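Engineer: Now for the letters of each chain:
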Amino acid sequence: METKETLFDFLQQQSGKLLEQTLTHTGLTFISVLLAVAIGVPAGIFISRRKKLSGLVLGFAGVMQTIPSIALLGFMIPLLGIGPKPAIVALFLYALLPIIRNTYTGIQGVDATVIEAATGMGMSRRQLLYKVQLPLAMPVILAGVRTATVINVGVATLAAYIAAGGLGEFIFGGIALNNTNMMLAGAIPAALLAILFDWLLSLLQHINIRKTRKMVYLLPLIFLVLSSFYLLPDTYRGKMLAGFTPEFMGRKDGYLGLRSVYGLHMRTLVISDMIMYKAAYEKKLDVISGSSTDGRVKAFDLVVLEDDKHIFPPYYAAPILRNATLTKYPALAPALNRLAGRINDSIMTELNYRVDYLKQNPETVARDFLRSQHLLQPAGSGTEGTIRIGSKIFGDGYILASIYKMLIEGYTNYAAVTKTGLGGTKIVFDALTNDQIDLYPEYTGTGLLVLLETPQHITDSIIGDKQKVYNYVSQAFKKEFDIVWLTPIGFNNTYALMMRKTDAEKWHINNISALTDFVNKRQ
Amino acid sequence: MIKLDHVFKNFGPQKNAVNDLSLEVADGETLVLLGTSGCGKTTTLRMINRLLEPDSGHIYVNGKEIRQLAPETLRRTIGYVLQNTGLFPHYTVSENIAIVPSLLQWDKATIQQRVITLMDKLRLSPAEYANAWPQQLSGGQQQRVGLARALAADPPVMLMDEPFGALDPLTRISVRREFKALDELSNRTIILVTHDVEEAFELGSRICLMNEGTIQQLGTPLELLRRPANEFVAAFLAPQRLQLELKALKIKDLWAWLPHQHSPGYTTTLSADQTCWEAMEAVISQPILVQYAQEQKILDSSGLMQAIAAWKN
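Each protein sequence line maps, in turn, to chains E and W.
Residue numbers for the first sequence follow UniProt numbering, beginning at 1 and rising by one.
Residue numbers for the second sequence follow UniProt numbering, beginning at 1 and rising by one.
The following block holds chain E by itself, in its conformation from the complex (with noise of 0.2 Å):
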């Protein structure tokens, strides 16, 4: 049995990488809170002295806040693409209100005496604003400025998902992993950042007003510095460009095992699987991980590279429920298991790609699936309980759960919900093994190496082989967490390396070695 890696392990192997992170964290941050000082000041200016349109702008910036991160990141993307462009302009919208309104509410707040009085000695308006004004609206401002700082580092860990780095490599990386050392990797020193940027800049704020004359002038030049650690992890880069997802990055069937058993090392961005294939497309990444039934391996033109080394495991889908639960609902079983063997790897790529791509409703893909198999089913009275089937946050899963959902309510009298989008393995298993769902689709690799973590020598013995995987999983499922794989469907969703068909055709490579003979040629 190997030791149990600790945190503090982690962090050594990982310090470089951290270091890194962490300082594209702070750039992200500043930058975005810089440009937000930019035009969010002159904006707090301007509707105080326009009140008539405060309350427009003020509106806008505050329906800027309400929109949830991960959505304006997605908003962003067919606007700017991926990187660092659509993350900064998305931490920027975010700062925009608590700067804007701390400016309009410090100016407001001024002294209406003090103001007359400045007016009545014969000041300009500028001499005013800049004497009077802003001098005393300091304080708030500043504490607006401290807001949208602390809110920027945390939205900023979100800016993994599209490939612009920052903490939230290590934190999603972990997520995905069922690795708790990685996540707190993340997730200490992202919140340790925002206390500290909390704290400095409560400092400046409590500073004897006088110096803060000062201050104003020094604040932007002490952001700009903090905004280029940005540019810092920028200067060692190779030619060839690889978007992986957070989970692809840390596991031994992943990048790991790349670097490993065929010595592909890349320039690697961490990126959202939901960006990651369009990326690719539109040449902004040149390979990326890839689950190899996805409907937009087929949209994007994407060729999968074949495995000749055989890292990647068989990941057979079946459907895994509690013991308890197949107990209490005898009936469930069979109903699920009509399922079985019937989704080969080409049906379920067709039925990905209708549903990532054409972009039909999972369940109307998931009814006429059935249809054609001669499978469905009025829905019978759903009297005898209720299943709750939940699902990651992949096509597979969503489809997979409709299919479910109707083959419950076709074939027995249970009822049947389905919670979607539960995030990746870690959430969903986690669901299942405190009673939050009742079941879901899992892969037979996933059970292996992220679920029991198999020593590896048992996994070297075994993977090869799809039956011996699956007997294995379901037998130490049933014994470690009394977990029960029924009869799997029939598709293997391994991963893949894919890149473009054209630049495959153009360099011959078909495989991952001849990918790894040309990087390191490249290079």
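Source of the hints: derived by calculation from the structure; they are not laboratory data.
Please read all numbers here as calculations on a predicted model, not as lab measurements.
Idealized CB from N, CA, C, for every residue including glycine.
Wrong hints could be hidden among the right ones.
[What the hints assert, rightly or not] With beta-carbon atoms standing in for the labels, derived distance ranges:
{"no.": "1", "chain 1": "W", "residue 1": "D168", "chain 2": "E", "residue 2": "I188", "range": "54 to 64 Å"}
{"no.": "2", "chain 1": "W", "residue 1": "D273", "chain 2": "E", "residue 2": "F46", "range": "52 to 62 Å"}
{"no.": "3", "chain 1": "E", "residue 1": "I39", "chain 2": "W", "residue 2": "I116", "range": "41 to 51 Å"}
{"no.": "4", "chain 1": "W", "residue 1": "F8", "chain 2": "E", "residue 2": "I39", "range": "41 to 51 Å"}
{"no.": "5", "chain 1": "E", "residue 1": "M64", "chain 2": "W", "residue 2": "D20", "range": "51 to 61 Å"}
[Said to hold, decoys possible] Covered stretches of chain E, going by a simulated chain W footprint (3 or more residues, C-beta under 8 Å):
{"no.": "6", "region": "102 to 114"}
{"no.": "7", "region": "119 to 125"}
Got chain E; can you put chain W on it based on the hints?
Structural biologist: The following block gives chain W in isolation, referenced to the frame of chain E:
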């Protein structure tokens, strides 16, 4: 020096805040705008330094129609004192006093000199207070800094909006006394707004009593008392009438009615320029000797009372 010519101002369609107001203030004169809240006196004041623009009519300062000047230029030549001082909380006392000279781009040494002079005159020790923050000062001290700030650029005209209004009664009396004695103010043209009748009578060389945006009466304190122009003026002054008269009336005004008594041995002397109020305080304990021109008279309480009664009739 300052002239208002048929000035109108209203803030809504209903009622004029200032309704056809015309008045003139002579060089070196202190005119008090007196009236209840909302009578238009502050509006009038704020139109003179263009914090408000009149709807119609003309205002002249130093013979110039004020709209010919940029508002900033005009305001830098007019000292402005506010009820709540309006001191800049982020400026020290000396920086506050130096604001207008700095706006006028005086050189540093001159400003420094001027600040020290004013602080000395207003009994604010420069060593102690020059670098203090306004919030560290008492109310009376803050008001004196406010006055120094208005005086700093040596403006020929001063506008004062309830300058003692925020002070407690005791402080108010002492600051007012200093104000009267201050040589910096003696030759300036001052318009002072107040709702305090006693203050108006004490400080004003003339008083302009206003109601609902119009002038009820404009005249010296004694004129207002002896010949009130209308019921409103009479009623406005009635509650404090006797006290005001005694304070407005000087011994020399009564000279003709004072009895001639030549008895030697009195040394305590009162000036004929002092008020009857002060004379009464003095004669309560013993008769006193008063000198007016070449003449001396002995004043006792009954003689004083009889003279006042005679004057009133």
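Engineer: Indicate whether the distance between the beta carbons of E:M64 and W:D20 respects the range 51 to 61 Å.
Structural biologist: Check passed, 54 Å falls within 51 to 61 Å.
Engineer: Indicate whether the distance between the beta carbons of W:F8 and E:I39 respects the range 41 to 51 Å.
Structural biologist: holds, 44 Å
Engineer: Quick check: does the Cβ-Cβ distance between W:D168 and E:I188 fall within 54 to 64 Å?
Structural biologist: Between W:D168 and E:I188, where Cβ atoms are some 58 Å apart, the hint holds.
Engineer: How about the region 102 to 114 of chain E: do at least three of its residues have a C-beta closer than 8 Å to a C-beta of chain W?
Structural biologist: Holds, because 3 residues of the region 102 to 114 of chain E bring their Cβ atoms closer than 8 Å to Cβ atoms of chain W.
Engineer: Taking a Cβ-to-Cβ distance below 8 Å as contact, does the region 119 to 125 of chain E have at least three residues touching chain W?
Structural biologist: holds (count 6)
Engineer: Indicate whether the distance between the beta carbons of W:D273 and E:F46 respects the range 52 to 62 Å.
Structural biologist: Given a distance of about 59 Å, which is inside 52 to 62 Å, the answer is holds.
Engineer: Could you see if the CB distance from E:I39 to W:I116 stays within 41 to 51 Å?
Structural biologist: Taking Cβ atoms as reference, E:I39 and W:I116 lie about 45 Å apart, which means the hint holds.
Checked against the numbered hints given earlier, the structure satisfies every one of them.
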